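J.: All chains, full assembly: derive it from the sequences and hints.
Sequence order for the protein chains is C and W.
The number in our numbering is simply the position in the first sequence, starting from 1, with 66 added.
The number in our numbering is simply the position in the second sequence, starting from 1, with 66 added.
Quick caveat, the hints were computed from the structure, so don't treat them as lab data.
Source: prediction; values computed, not measured.
Every residue gets a Cβ at the ideal spot worked out from N, C-alpha and C, and that includes glycine.
Treat the hints with care, since some could be wrong.
[As the list claims (entries may be wrong)] Within a straight-line C-alpha distance of at most 20 Å, the following computed PhoX-like cross-link-like pairs (lysine-lysine) qualify:
hint, chain 1, residue 1, chain 2, residue 2
1, C, K87, W, K95
2, W, K81, C, K273
3, C, K273, W, K87
4, C, K482, C, K460
[Said to hold, decoys possible] Covered, in the sense of this in silico footprint (three residues per stretch, anywhere, with C-beta under 8 Å from a C-beta of chain C), are these stretches of chain W:
hint, segment
5, 267–281
6, 534–541
Number of protein chains: 2
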Amino acid sequence: MGVGNNMVRVDAIEKVTGGAKYTADLEPKGLLVAKVVRSTIANGVVKSFDLEAALAVPGVVKIVTCFDVPDIQFPTPGHPWSVETAHQDIADRKLLNTRVRVYGDDIAAVIAEDEIAANRAARLVKVEYEEYEPMLTVEAAMAEGATVLHKEKPGNVIAHSSFVVGEGTYQEAVEGEDVVEIDHVYATQSVQHCHIETPISFAYMEKGRIVVTTSTQIPHIVRRVISQALGIPAGEIRVIKPYIGGGFGNKQDVLYEPLNAFLCTQVGGRGVRMEISREETLACTRVRHAIKCHVKAAVKKDGTLVARKFEAYSNQGGYASHAHAIVANTSNEFKQIYHDEKTLESDAYTVYTNIATGGAMRGYGIPQAAFAAECMADDLAVAVHMDPLEFRMKNCMPEGYVDPHTHVACNTYGLKECMEKGRSYIHWDEKRKEYENQTGPVRKGIGMAIFCYKTGVYPISLETASCRMVLNQDGSMQLQMGATEIGQGADTVFTQMAAETTGITEDKVHILSTQDTDITPFDTGAYASRQTYVSGMAVKKAGLIFKDRILDYAAYMLDKEKDTMDIQNNVVVDKESREKLLDMAELATTAFYSLDRSIHITAEATSHCKDNTFATGACFAEVEVDMPLGKVKVTNIVNVHDSGKLINPKLAEAQVHGGMSMGLGYALSEELLFDKSGRPLNDNLLDYKLPTSMDTPDLHVQFVELDDPTGPFGNKALGEPPAIPVAPAIRNAVLNATGVAVDSLPLDPQKLVAHFKAAELI
Amino acid sequence: MGVGNNMVRVDAIEKVTGGAKYTADLEPKGLLVAKVVRSTIANGVVKSFDLEAALAVPGVVKIVTCFDVPDIQFPTPGHPWSVETAHQDIADRKLLNTRVRVYGDDIAAVIAEDEIAANRAARLVKVEYEEYEPMLTVEAAMAEGATVLHKEKPGNVIAHSSFVVGEGTYQEAVEGEDVVEIDHVYATQSVQHCHIETPISFAYMEKGRIVVTTSTQIPHIVRRVISQALGIPAGEIRVIKPYIGGGFGNKQDVLYEPLNAFLCTQVGGRGVRMEISREETLACTRVRHAIKCHVKAAVKKDGTLVARKFEAYSNQGGYASHAHAIVANTSNEFKQIYHDEKTLESDAYTVYTNIATGGAMRGYGIPQAAFAAECMADDLAVAVHMDPLEFRMKNCMPEGYVDPHTHVACNTYGLKECMEKGRSYIHWDEKRKEYENQTGPVRKGIGMAIFCYKTGVYPISLETASCRMVLNQDGSMQLQMGATEIGQGADTVFTQMAAETTGITEDKVHILSTQDTDITPFDTGAYASRQTYVSGMAVKKAGLIFKDRILDYAAYMLDKEKDTMDIQNNVVVDKESREKLLDMAELATTAFYSLDRSIHITAEATSHCKDNTFATGACFAEVEVDMPLGKVKVTNIVNVHDSGKLINPKLAEAQVHGGMSMGLGYALSEELLFDKSGRPLNDNLLDYKLPTSMDTPDLHVQFVELDDPTGPFGNKALGEPPAIPVAPAIRNAVLNATGVAVDSLPLDPQKLVAHFKAAELI
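T.: So, in structure tokens, the structure goes:
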């Protein structure tokens, strides 16, 4: 019972039997269907529409264009609202946009009686544009005379941040020192989340309020953003989140719920459904930012890292979304994970362009940081002929590290133990030796990467979570969270936490898997690997109050002091002797129905979290590189995670598997491509190369379990970390195998063959 | 703002526009359909089934018979559970019954892919019975050698209760006194609630639990009864109650939800819907008990009531349901409403028979009591040549009355003021004079009746209610009640109460109209005219806590003492000067998003009510009786109610209209008829004569508004009272018009013509 056990997922059976109800399963009868009309240019202005042919399609109810929507700009990212204007998200889009910034921009919407009519009409909408040259790269968008995408940012640069750790400049730090320098541009690509369930919602009006059921990670934030986008009070909106088929950050943006909410108001409150197709999802929702990191680094002969200069350019795409928060995160991890003897100079830019908009995606800037930092580490190790693991042991984030800017600290430190564990698991030393001096077209290599990741968003932003518990007549309980199950197993671990705290066994903890902003305790939702840490604290806090109230009733029934009792396995027991005093079922029935003292025992608490802590880890990968084919086969791979105490080891392992799979695609095959006009070239799962089970090796997982004093149950972040170190570990294994340093992702055959040819290996 | 105003119903617009979602509107896709197979005898035993033809119907999934259900007897009435065994409801039926006790008893159920297949198969189920003589009357069931319907009650008498108020027997009291005596049997008929929406539910399994969405007045009790009927813990059941199309007590019985829940477990948790047809509803759900009251009463020449003897026989039908609670209520009101100088002897019997089962129906035994008491009052007045109003003024429940058994008291007393108000409104004295000495076939008359009605079930049973309030980001609030809106306007008055208590205006109080036992605060539901009184107290209690927490946050924001502030019209104001200090919207946004102190402000409270109070009232009716046609035309009618302070006068008036309409049908046309075999003869709305708008005169309503000190807002019962006094007032008006005392309901043409012929008036 309680935390630390391998409880079977609370939703396992219904998910595998098809009983679990997702948004589409909950649609009421008679919904209208909405379809977004999308721009066929990436940069320009809509001048006019010709709707005649579209309106003539039988079944079309209404067409709403960018000229019909409220003149309100709103932000989409799933951040807690900030009461300070300066920290509020960038409001740079309307429900439908006249100014087109991406290919497939939302310029109108058709509402029809059915899907076929909606699609047919959407295709028949004729649009006249004023078209500008598409700017697909940061360089193009920052160039002199580039068209301005958002008038609030005349140079297309959303933000530029910089900091220095240490004294002086990089140049000053290395001048006259006996150091080896490297100078690389490490570049990551645009990739997409590829959650199984594409964005879907339906909206209708009830008692003058708008009710939106949607596949989201952040129902309470969706409510707030709809309120902003439509200019109506939050209380007049109700958002319901059923089971969702994955999100990975893409559903941490409020993308189509505001439009759907608005459309239902345009048809007298009738229900309207809006399902975003896979093609639209790939091209018109969010991607992981492509970031170019220009890294200069200097290292002494003995491997001591002296100084670094970091310059990152984040390609934002058409809309701000999470904007500069991503590359700021990148810069921070680059800073934190290695220690410079002298200086780190850091600059980061986020730049509007005309490619698909970047948003939140598992890792939130850290996969990009890890690619830059871990390529750098290996490239420096190579430069000074040092074992890359030794290089890391020497220069990595030290025990007791405290971030100089955020003051986030390593409350527990498992980084070096992770490295040791991986080293031993993969036989690092033997393999490094074995793979020296290979010849021939197929070569083997071994590589590694490390990372650190904070837990939640404090102190950058607000961390708050609430929980409600309700006693049932049979002594079981309801557990109501604002935090969301998005496939990661949150409902299961919350159940375990509630059991641990209250003494009511898991089988009697009934968690509500649906969030509904009308009734669900407030929580900002699933992102930033925050829920077990932040929302878990709310479970603990509410659980203690709940247990206290139960014992208070036991004290009344038994005429004993409350403090002398405890609850264990659904029984009120004597705190000392553990002797059974009263069944929870009897207590609960009495509490409900006592003629003397009837009370509906519940508890509700908000936990405002003002803590954070670093999770760390490492990936070790072994590869076989077929150089003429440009093919990398991962033959062995292990992730080792320092994520504090595990609430549910089996679920933790599964979480790592999922992250590693994402990392493999990021490393080897995934990339969202655009043609010169900014039109996506592979916006479907045939051409966009997500790894399948055929491409996936056995995934190994190890943990270093340290009891973090700030975690509610000793736990810290695990949601996002597994996706972070895989790509650089593989890149470094390829480097080890072939001696070729590939500085951009993915390591796909075309790129590798070009590199191997250039290195005259084939 | 607040209580006492005519707020428009919160659900008005969506109910008239068809937007409101009832159970059938919420059905998920792909439900199976269940149909109950009903016995074609009223008394007997099922020996065997031949299912071959039924199972051969395409689309039939499964047939479950009375031989397949758990061997568990369970109770159906919607009472709070009692932790004392002696006070628990009678558990006398299984999910499907082998022992048949009513015509149309539930003996099997067909589950099929669609309605047509289910109905077809249900008709093809062949049943072999052992058949016994049907017992349709109390006399038949109590006769020597009558078949035993439930082995636990060998004489078919469920209960016999008796009490005496005063000293000695009736006979002793009248012996040797100069009194006039009467001896009548006043009899009421079986009538049905005729709610627009017939019982409907659908059930499926989710995470191993059963979820039942149903049209009920009492979701939390449905949960408990399903738990008993299936022998599973309450926590494994979830009951959801959407809008419902009326109940009037019939949905205060848990009739088909347990069977529906069981059936879904028989098809692997797939969703199953069960809709009870109008015919089934009339014959196989619940009816208002037909009760025969044998009344002897003695009155002095001056009109002083000396003594009464009351003997009531309640025809229970086949199953106990609410059983003896009904006729016990009848006896009590008969006792309370008039004062005997010497003695009241009272006996009441509840007897199983083979007609449709009696259950709760608006008034819960009091319409029957009022018919007996008010006929008696007029018959006594006639006997001593006294004005019936004067008789009542002299002998009715006095100011300060306290029930000698329950100790329920008149905390406020408006009975005589109601009589005076009605007297004046209808010009009683003038009309009584005018209608003396009429001749001819059409005669006019005026009559009246009074009643008293307690508020809720305390101290007979538990009165407990809970409420939860949640602050939204915009300073509006959610109001969550366990109490149910069943058409009576509960959601609207709770909204007003919340506004009154918190200072947040009604337009910003968003009440949840759906109850869901997983999340809804506990409340036993809508019955006994309890909700504004008992659940209203919970609103007040939670509201005060909620307001205190809001002001606590205001104190933090403004650095002021909490006690110096108040909330008025969504603004925190200085308590003394009423000067504006802070908008609720600003406070709420800060409370949610403050980086310093974030809290999700909510409040939840249980109110355990240990109070009760009498509501009273009178009806005055004027009629024109066409004696040859046996037709009574109500030409004027007014109900005057002493129901404490009115929360919403317009809704209160509407509530009285509905009750008066029910009273008119009860008086003149409604009666559920059975043939000799116990088969219903008029189980449809063509043959069962519910009054239509064509039959309904203008309904007039008056109130005596007294501030009851025990009511949360000075209010007391109003839900059921309006239905009570109408029938006896009309009967007494007919007596006044024709001199003929009709002692049974309804006063339909056949009966009246027979009476007028017997009296040689036609």
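J.: I'd like to know which numbered hints this structure contradicts. Please list them from smallest to largest.
T.: Failing hints: none at all.
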